[in-house]
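*Asks:* Spelled out, the chains give:
Protein chains: 2
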Amino acid sequence: MTDDRLYYEDIEIGARHSFGRYEVSREEVLDFARKYDPQPFHLDEEAAARTHFGRVSASGWHSCAMTMRMLVENMTENRQAGLGSPGVDQIRWKKPVYPGDVLRCETEALEKRRSQSKPDMGIFKSACTVFNQDDEVVLTLISNGMIETRDPAGTD
Amino acid sequence: MTDDRLYYEDIEIGARHSFGRYEVSREEVLDFARKYDPQPFHLDEEAAARTHFGRVSASGWHSCAMTMRMLVENMTENRQAGLGSPGVDQIRWKKPVYPGDVLRCETEALEKRRSQSKPDMGIFKSACTVFNQDDEVVLTLISNGMIETRDPAGTD
Chain F
162 MTDDRLYYED IEIGARHSFG RYEVSREEVL DFARKYDPQP FHLDEEAAAR THFGRVSASG
222 WHSCAMTMRM LVENMTENRQ AGLGSPGVDQ IRWKKPVYPG DVLRCETEAL EKRRSQSKPD
282 MGIFKSACTV FNQDDEVVLT LISNGMIETR DPAGTD
Chain U
162 MTDDRLYYED IEIGARHSFG RYEVSREEVL DFARKYDPQP FHLDEEAAAR THFGRVSASG
222 WHSCAMTMRM LVENMTENRQ AGLGSPGVDQ IRWKKPVYPG DVLRCETEAL EKRRSQSKPD
282 MGIFKSACTV FNQDDEVVLT LISNGMIETR DPAGTD
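Those sequence lines, one after another, are chains F and U. Just so we're aligned, residue 162 is where the first sequence starts under my numbering, counting upward by one. Just so we're aligned, residue 162 is where the second sequence starts under my numbering, counting upward by one.
Simulated from the structure, these hints should not be mistaken for lab results. Remember, predicted model here, so these are calculated numbers, not experimental data. A portion of the hints provided could be inaccurate.
Note that identical chains are pooled: a pair holds if it fits in a single copy or bridges any two copies.
[Unchecked claim] Simulated pairs of lysine-lysine, BS3-like, Cα-Cα distance not exceeding 25 Å:
no., residue 1, residue 2
1, K279, K255
2, K286, K255
3, K273, K286
4, K196, K255
5, K256, K286
6, K196, K256
7, K279, K196
8, K196, K273
9, K279, K256
10, K273, K256
One chain only, chain F, in its complex shape:
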């Protein structure tokens, strides 16, 4: 049986991937903000108009969540043998994400190493840039991922 999953050994440093499409609905922006980020400028047009946002925009954490959805869909499609994430090194909310926007992702693998304590696991760092429909960068993040090794005795 062929194992077609994507393992630690398959991650190419410097490789870029472009994927995802997420339509941001007004209903979802308001629903997320009501639950998790009820600052007036995320919920109310008049309050938003008094800020640099200009109109109601998505919570930055909602933008991260929508990005995660695109990343997970891509990982699933690639059959990536992911083991979760220990954390994120940087998030920058570059521009507001508005209802009606359509988001997409570009990723680049930055570095990888084998776990010293767990030979069946590797850790990699990647940059993700999220664009809107006008090709403006709305969000960048640098995250760390854990992934299974194909060969725990490997040295790459």
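Mind docking chain U on chain F? Use the hints.
*Replies:* Okay, now just chain U, sitting in the frame of chain F:
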């Protein structure tokens, strides 16, 4: 009329605050995961049992969102003159967050400076540590916040 809002000048470096209470429900964990992080170990007990999570746990982004809810409630209570955030410098998911957990926050203001281009705004960095009901750290994050200055001509 007294202005009782909390401005840039009121942020004390090194000051610690403890607040928040968030009960993590199973329904909410599954709802968030289905929408934003549909990895099998966040949705299915059998898949989770095969990983280091052991059982279904919240998406790390859901933990951030629940933390944001506690932060916003605290900002609202303090009448903080917040202007949003340019980004986060670090997130570490230290332990899984499980359905039934009860979360709380501790924050510490790390540094602050006035904006050079916008004298009516300051920027501050703070550390947030999230604990579960057993006082275990489940999440740490270092974030940047923008806030109004009371006196745009100030020099502190």
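*Asks:* For every hint, state whether the structure bears it out.
*Replies:* Hint by hint, here is what the structure shows:
1. K279 <-> K255: Between copies only: 17 Å across chains, 37 Å inside a chain, cut-off 25 Å.
2. K286 <-> K255: both (21 Å within a copy, 17 Å between copies)
3. K273 <-> K286: This pair counts as within: shortest intra-copy Cα distance 6 Å, inter-copy 29 Å.
4. K196 <-> K255: both (23 Å within a copy, 24 Å between copies)
5. K256 <-> K286: both (24 Å within a copy, 20 Å between copies)
6. K196 <-> K256: Classified as both; 22 Å inside a copy, 23 Å across copies.
7. K279 <-> K196: neither (38 Å within a copy, 31 Å between copies)
8. K196 <-> K273: The answer is neither: 36 Å in one copy and 29 Å across copies each exceed 25 Å.
9. K279 <-> K256: between (39 Å within a copy, 18 Å between copies)
10. K273 <-> K256: Classified as between: cross-chain Cα gap 23 Å, same-chain 30 Å, threshold 25 Å.
The structure does not agree with the numbered hints 7, 8 stated previously, though it agrees with the rest.
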